[in-house]
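Enquirer: Sequence:
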Amino acid sequence: MDVLRGKWKEKCILNVCTLLVLCWSVDLSLSPPPPLDRTQELQCLEGSHYRNANGTCCRKCHEGFKLKKDCTKEGESQCEPCKEGKTYLERSNYAKNCLRCTRCDDNEEQVSPCKKSRNTVCRCIEGFYKKRIDSVTRECLRCKTCGPGERETQPCTPERDTVCECMDFRNKKNNRNCLPCQNMYSSSHSACLPLFPAEDTGWGVWSPYLLPAFGCVCVVLLVVMGIMGVLVVRRKPKESNSFLSAEITSQGSEKSTRRLIQEDPENVLNQSIPSYSPVCESEQEPLRKLPACVPKEIKISELIYSVLDQVPLRRVKELVRSLGVSDIVIERAENDHLRDTKEAQYQMLRVWAKGNAQGGGGVLARPLLYHLLDKLRDMDLGGTAEELETKYGDQ
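When you line the sequence shown up against mature numbering (1 follows the signal peptide of the UniProt record, and there is no 0), it's residues -31 to -1, 1 to 364, in that order.
By construction, these hints were calculated from the structure, which means they are not laboratory data.
By construction, the Cβ of each residue, glycine as well, lies at the ideal position given by its N, Cα and C atoms.
In silico PhoX-like pairs for lysine-lysine, Cα to Cα no more than 25 Å straight-line: (1) 84 x 99; (2) 344 x 323; (3) 29 x 52; (4) 65 x 84; (5) 311 x 323; (6) 99 x 286; (7) 344 x 265; (8) 113 x 344.
Derived CB-CB ranges, DEER-like: (9) 66 x 307: 20 to 26 Å; (10) 349 x 47: 47 to 53 Å; (11) 76 x 123: 17 to 23 Å; (12) 278 x 138: 38 to 44 Å; (13) 311 x 138: 46 to 52 Å; (14) 117 x 290: 28 to 34 Å; (15) 120 x 362: 26 to 32 Å; (16) 102 x 192: 52 to 58 Å; (17) 362 x 117: 21 to 27 Å.
Kindly produce the complete structure, drawing on both the sequences and the hints.
Expert: Laid out in structure tokens, this is it:
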């Protein structure tokens, strides 16, 4: 019996030892690999190396080459060159595809051709300058010519438009034309100033408002005098009629005096007014012939379609950004109408117009129209601005 118990204890001890060995081996197999050295990791991520999907640190391809196959061990990757004159890559990389070479657009000339490691270099031809629409898109526009009364301060270059300013004794009015100053004024920094500075009397700040204020006071005085004149004319028959009654009372009998006193005063007044009423009608006649001064309403949808018909397709987005519409709204409109560019542009302009609409949301506020016209002129689309101003401006 003791022998059996001893064998049973030996088997238990052996089984426990075997179980501990198995647990230790499983723990080693499941434990994560040791962390990479921080210095090695930074060296791989920076500079000329990268780490592929398997965690291997591979060397990047040189400029003008694209990655054909990742390295299988630490070291070189398999690269192949871009097509000369068709594709390029300007930096060391591990891209699978090369970039397509840029083609010079209209009104551009080629400065240097496309190579494997450098893109095509283009510039605007003489008489044109580069206008950047966004970070990628650009356009060559014709250089501006200084108008009457202007002089050129900076000539046009391939990178910058002509800069003009008003000549001496001229001033720019409404940001359009340079008009001559009055005889008593001279020009300095595009502003007409007095030839002989007068002594400071304290009215210098208010001088531009004195003439309009004086005109308003004169108009008010004329209106008050006119009203007082009409009242005097209407009261004068009553006074003359009272003198006539006193005279009849003194000369006539008591009976006739009672009749005059008992007579209805309104009848007496009505009999005296017709002799003066033509004067009142003649004074009011010009007022009836005054034209209506109410400007016509501008329908938002009609204006937007007119703008889309006049503004070039690729410049609508530039116009919308200058009007204050955010890039988020622009991208949303493009994503909602991927196959209909005109509808997407309509929605962009509609967001701008609806922000300050009048009359139930379908009528554009007139200050917004003038803001739109100014932005079109800033974009060198003066012809479009003139047509819209003729169609929707004050009549």
